[in-house]
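Q: Each chain, written out:
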Amino acid sequence: MSIFVDSNTKVIYQGLTGSQGRYYGLLNRDYGTQVVGGTNPKKAGEDVDGIPIFANCAEAVEATGATASCIFIPAAGVYSAVMDAAAGGIKFIVCITEGVPAHDEATFYNELKAQYPDVQLLGPNCPGIISPGQCNIGITAGHIAKAGGPVGIVSRSGTLTYQALYELQQKDIGVTTCVGIGGDPVPGTSFIDCLAAFEADPDTHAVMMIGEIGGSAEEEAADFIKNHMTKPVSSYIAGVTAPPGKKMGHAGAIVSGGKGTADAKMEALRDAGVKVGLNPTEAGELMAEIVASL
Amino acid sequence: MDLFEYQGKQFFKQFGMPVSDGEVAFTVQEAVDAAERLGTPVMVKAQVHTGGRGKAGGVKFAASVEDVQEHASNILGLDINGHIVQRLWIEKASDISEEYYASFTLDRSAKQHLGMLSAEGGVEIETVAAENPDAISKIHVDPAVGLTREAAQAWVDGANLNPVAVEGAVDIAMQLYDAYVQGDADLVEINPLILTPDNRVHVLDAKVTLDSNSIFRHEDYAEFDETQPRDEREEAAHEKGLQYVGLEGSVGVIANGAGLAMSTVDVVNQVGGKPANFLDIGGGANADVMAGALEVINNDPEVKSIFINIFGGITRGEEVANGIIEALNRVDIDAPIVIRLDGTNADEGREILQPALNDKLMMEPTMLDAAKKVVELAKGAVA
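Taken in order, these protein sequences are the chains called A and B.
For the numbering used here, add 15 to where a residue sits in the first sequence, where the first one is 1.
For the numbering used here, add 98 to where a residue sits in the second sequence, where the first one is 1.
Pulled out of the complex, with its shape left as it was, chain B reads as follows:
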């Protein structure tokens, strides 16, 4: 779950980190009102789940309330990398002497947490890593041990920050680690972390990704789940509890298991088609889940044909076949369907499907044959 900047800052604030006062605004008027309450100058910042806001004109300095009015009307509705700006964060402007970078994430290779700190902030860390890797001070933290103040001190010392920033940076490093661990975050990133002219270290931006698997112990994360960017199709699938990722193509994909679903998307591409989605219905493949999946796919106007790719494991072919037939009775499908059913009792399953087959419901023996057929159908060139 990706947080908006302002949600990230509110999250950081709970752990004692210094963030700027600000307010969320959904309209120009709300932005103006917020600026009047906060007092100018302020920053007007687009809240979107993507980077490159500054370059796209989504972050502006406003010296006066008139400036706020102008910038807010320009930024609301702006398209930043395909994300339409619907909310703004109006924040007290800060004076900046220096810009740093700080983050924690999981290093999957080392199987430990990785902290990165750099005196070269305000630019993408990937750029720093590529051009000047020595400018990044790294620390591996064993999750079973945690981060000690001594270790944090050594980590900060290694980053060669301005000496007046060191003590404040160590405080923030400890707080950032607490936020990362106690908050079950996949990523916490401050870029830039700034030093002000009066020598305070201050959090000027916040990028936070939370682990959605941890919701059971963070009831307050439900509000973040609601602000995740999902297109209409993804929203519908999410409501049905389906693992769905919207893609750009015309072949609807339904498969059981994440690996098989990914593989199905690959094979459709390999034979010249364009998948409309990734959809994993899980192991069971019963009628309820199948009907829900077909409804989601059916509501996608781009879908011209549908590929149901099921491998029966514990769930036997007959059960899968009966599930598909029952689902088809419940949902009125427009696009032609190609089924590939394999695995446990596949022959029995195919026998059940056989009488239902027609020019809108077809069956192919292998994944590759089914992919070819479904792509042909999507292209309108039925053999």
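Bound-form chain A, shown alone:
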């Protein structure tokens, strides 16, 4: 089992005809993902290495029965792409694009909630999602993940997600699903969405959560873990020593007005019974201990 996506998930790549879309779309197909179509209003009727291109998601869904999409559209076009996917009947939208204006993110988040409450958006500015051995949507290198279980991973950071997958693979620990929620101020999918899904997934028995400085998403997740989760969680928070007022790469990774510090997040997580590592390796070791005791 897995969460959100599995071997049956059919995916449309919005922006498959662009260089990034083509590169990762074909890599994802090689991994085994059902890449059933792409969209580009100017190239409808053409194909990318045999994958048909449609004018929009509605036509692509009609022709292929796809339920998921993956967005590789430049930031300026992301708002339209998200709304096109939702209007076209896509239920799970993965947006890889980085650099989307925060106001656009806040707007499409709320428009989706009001008009398409059953649609789930992942990202923007995220590495995507992989259910190892079944489905890989996005830019994660598939071969660094061991399929199976018992661990689910949710992360705000791209490279640290890969690091976590790799550390577990080195320890011969399998992963049900690894979700990169992205480092932007308004992520479509939150830690809590993923924690709740992992709690409900019978094959996931423990969860690794990787956070970073800025905002209060980790504190909210800690609160959820404390009150609603029975499965053990290990965690790592990046940016313990980040200076206040400086954006550390991600738009969302900033300590401002004394809020959003790593220390406060780690404290909240420890208080919720989470095993917190001080670096990614330590978090991996803690997870190995958890898995050994399951």
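No lab work stands behind these hints, which were simulated from the structure alone.
One thing to keep in mind: the hints can contain errors.
Once the Cα atoms are required to be at most 35 Å apart in a straight line, the calculated DSBU-like pairs of lysine-lysine come out as [unchecked claim]:
1) B:LYS458 to A:LYS186
2) A:LYS128 to B:LYS236
3) B:LYS372 to A:LYS261
Starting from the known structure of chain A, fit chain B onto it as the hints suggest.
A: Positioned in the frame of chain A, the structure of chain B alone reads:
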């Protein structure tokens, strides 16, 4: 992108908000000339990207042109929280009856815009929030719906302003929301928003942070980008398009991915070192980007050792290793380098690096080992 006060006021003015007339001055003479054109009394205000200007002596009332001369010469060159004052804003002085506070920002938890308004202006809003939270009237605005005049009216009513200020405050609330949304701002803040003795509501200060991701639809924001405070290292990195934040230490850090770069800074600290910077070279880690990153780090005189921390994902270990070697051939590096290469085809990558290793180029198997080694080198205690 943080705007100077005067840039913020010019920005607000485009949306119809009432701001004072003023001029920018880079020298004492320019300040005097500006005051003569505007007519005294004026305020002489330091333009820096930091708070606490008043306390530091960076904001002065000048009744005469002689006062302007005196204050301008004192304030130019002043160090306010590490920011040296290089420009002044000379502005017509205003009479103040009452001071209020108004702002919009994104509430990340609620995923909606948050407006805050208070009759207790002129002090930091964090202080008001801590000491008298009921004095702040809040409004959540759904970005998909926007701010209606009725909602703005209720929001203003909740702040218990002087009744004569209410209508003007509602106008400014609507204009402030327009500026915030149409301008793609992360923050718009007026502190103080004042009521004058003749009952006008007036914008006396402006703090504006714009979303740099929105530049594609705001071509005029390029001028704001040019006035961002960056030290020499940050400027050089910015020109190369690298994500760089200058820190105070001696260990240069290069990593691929923001999370890994942050994590690398953490680990260097954990083993007793002090990172000189945060530098994210992104996913590719090719020779061009690596060479650019090494140049930036190499130009930092404080750097005593360099930590290259790369995790190969889609980009394979061999490509990363070849990129590093090619970059090292292009840039003459003074400080010793410690590499940690892990992930996809790490073994193949390490094999490529092996023949190039010497006492200036080392490799360690894990992030922690590499951090220990690079900190040792920085401290001059090579084992």
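Q: Next, verify each hint and record whether it holds.
A: So, going through the hints one by one against the coordinates:
no., hint, result
1, B:LYS458 to A:LYS186, "holds, 32 Å"
2, A:LYS128 to B:LYS236, "holds, 23 Å"
3, B:LYS372 to A:LYS261, "holds, 17 Å"
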